[in-house]
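A.B. asks: If you want the building blocks of each chain, they are given just below.
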Amino acid sequence: MKRTTLILASMLISGTAWADTAYEAVAFVDGAVAESLTGTPGDAAEGRKVMESKALGNCVTCHQVTAMADVPFHGEIGPSLDGAADRWDEAQLRGIIANAKMTFEGSMMPSFYKTTGFIRPGDAFTGKAATEPLAPLLTGQQIEDVVAYLLTLKE
Amino acid sequence: MNANAIKAMLTSAAVVALSCGAAVAEQEPAPGVLVINGDIEITTEVKAPDYIDGLDMAYSGWRFRASETQAFELDDFDNPGMIFVEEAQVVWDTVDGSEGKSCASCHDGPESMKGVRAVYPKWNEAAGKVTTIEDEINNCRTTRMGAEAWDYNSDTIRSMNGLITLQSRGMPVNVAVDGPAKETWEKGKELYYARTGQLELSCANCHEDHYGDLIRAEVLSQGQINGFPVYRLKDSVLTGVHNRFKGCVRDTRAETYSPGSDEFRALELYVSSRGNGLSVEGPSVRN
Numbered sequence: 001m002k003r004t005t006l007i008l009a010s011m012l013i014s015g016t017a018w019a020d021t022a023y024e025a026v027a028f029v030d031g032a033v034a035e036s037l038t039g040t041p042g043d044a045a046e047g048r049k050v051m052e053s054k055a056l057g058n059c060v061t062c063h064q065v066t067a068m069a070d071v072p073f074h075g076e077i078g079p080s081l082d083g084a085a086d087r088w089d090e091a092q093l094r095g096i097i098a099n100a101k102m103t104f105e106g107s108m109m110p111s112f113y114k115t116t117g118f119i120r121p122g123d124a125f126t127g128k129a130a131t132e133p134l135a136p137l138l139t140g141q142q143i144e145d146v147v148a149y150l151l152t153l154k155e
Numbered sequence: 001m002n003a004n005a006i007k008a009m010l011t012s013a014a015v016v017a018l019s020c021g022a023a024v025a026e027q028e029p030a031p032g033v034l035v036i037n038g039d040i041e042i043t044t045e046v047k048a049p050d051y052i053d054g055l056d057m058a059y060s061g062w063r064f065r066a067s068e069t070q071a072f073e074l075d076d077f078d079n080p081g082m083i084f085v086e087e088a089q090v091v092w093d094t095v096d097g098s099e100g101k102s103c104a105s106c107h108d109g110p111e112s113m114k115g116v117r118a119v120y121p122k123w124n125e126a127a128g129k130v131t132t133i134e135d136e137i138n139n140c141r142t143t144r145m146g147a148e149a150w151d152y153n154s155d156t157i158r159s160m161n162g163l164i165t166l167q168s169r170g171m172p173v174n175v176a177v178d179g180p181a182k183e184t185w186e187k188g189k190e191l192y193y194a195r196t197g198q199l200e201l202s203c204a205n206c207h208e209d210h211y212g213d214l215i216r217a218e219v220l221s222q223g224q225i226n227g228f229p230v231y232r233l234k235d236s237v238l239t240g241v242h243n244r245f246k247g248c249v250r251d252t253r254a255e256t257y258s259p260g261s262d263e264f265r266a267l268e269l270y271v272s273s274r275g276n277g278l279s280v281e282g283p284s285v286r287n
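Chains as they are written, first to last, in the numbering used here: chain A, 1 to 155; chain B, 1 to 287.
It is possible that some hints are incorrect.
To be verified - According to the in silico footprint, chain B covers these stretches of chain A (three or more CB under 8 Å from chain B):
(1) 82-90
(2) 103-111
(3) 138-147
Stated by the list, open to error - These stretches of chain A come out as covered by chain B in the derived footprint (C-beta under 8 Å, 3 or more residues):
(4) 116-122
(5) 126-132
In short, the hints are calculated from the structure, not lab data.
We put the CB at the ideal spot given by N, CA and C, even for glycine.
Required output: the full structure, derived from the provided sequences and hints.
C.D. replies: So, in structure tokens, the structure goes:
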């Protein structure tokens, strides 16, 4: 029993390792990324969790989302994400989450899939130095999940 | 027109400005007047210096805090930072080191420090660099008292800085940015706009482009340092400038600089200059 769990867990870990597209290989066309980062369809409910979690996307620190009104304290740094799916298609949303600076030049929004090219990269929030490439802020699947949730935001 | 009518007019103008200003990123804080102990008038907003391109007006962090937090500063009996100032008063008079001297042996009372906080960080010809009040305190300890330097970020040095700062309360911050300090100032400016860490955020992203906006549950201020040392309600101690900088840099998921590093000295000079004209307000109270 325990053994099966272990094998499953290791399959999962190695599974993400080779299924995720490396950041360098992500094709941005006018900021949009047409191809899935993992090949596995996103799960909107998981995506919502990623968006509210301080440790993961932390999206509500900067954005308001009416559909997430149960989550306390939404920031006002970025625009409200209400109706995001009316303004952007799936490929554009994937591109914005993977690296918003490809769509909005000089954006304050963090690049959630980028792994190299930082100034004084740190080891998470420890203040200590870290060596690139860093693990991206979100995994490929977490980004797919967030995209799936954003696609539900229609007005 | 009497003073009250003018005040009412100003208030309603500010409300209008706020409501139509919603589209622009940076937002003016609500009007507010700070007078400490019913006596010391604090300038909490002033036209920003010409050499600061990104700001029209400079505002003290006090203006962005909730009224309950603001209230702590109205009277020194309610200001928890004053406990540390009292502790420093004792240290001021205490002999330490091989020369048998205290601060008081050379400087008499702490009132002799009036005006000091307003002009630091400042070029020091002997040291050949820009120094902070912490540096000057340690310089006295090591070269004049024969005592050991205090850790740059120690409670003792922050409290002593609080006592020295208090003597300049209400005076305008007036650090020099030209002459021999120019090079350090330029370096500080570069650091201010550098987008550090995995989140690629600069000081300006938060404190120039988005002051007045909520970042999750907190209203961003301009990150001014006229109020330092700051008593933070959530830490229950006085915080020094470099310690605050370190926390903000860490929050960008970056490798931080250390308190007392040349980088933070330069950044302190630059950030001070962004608030030239605001009153020295420390020890202030923030959440």
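A.B. asks: Please write out, lowest number first, the hints stated earlier that are contradicted by the structure.
C.D. replies: 1, 3
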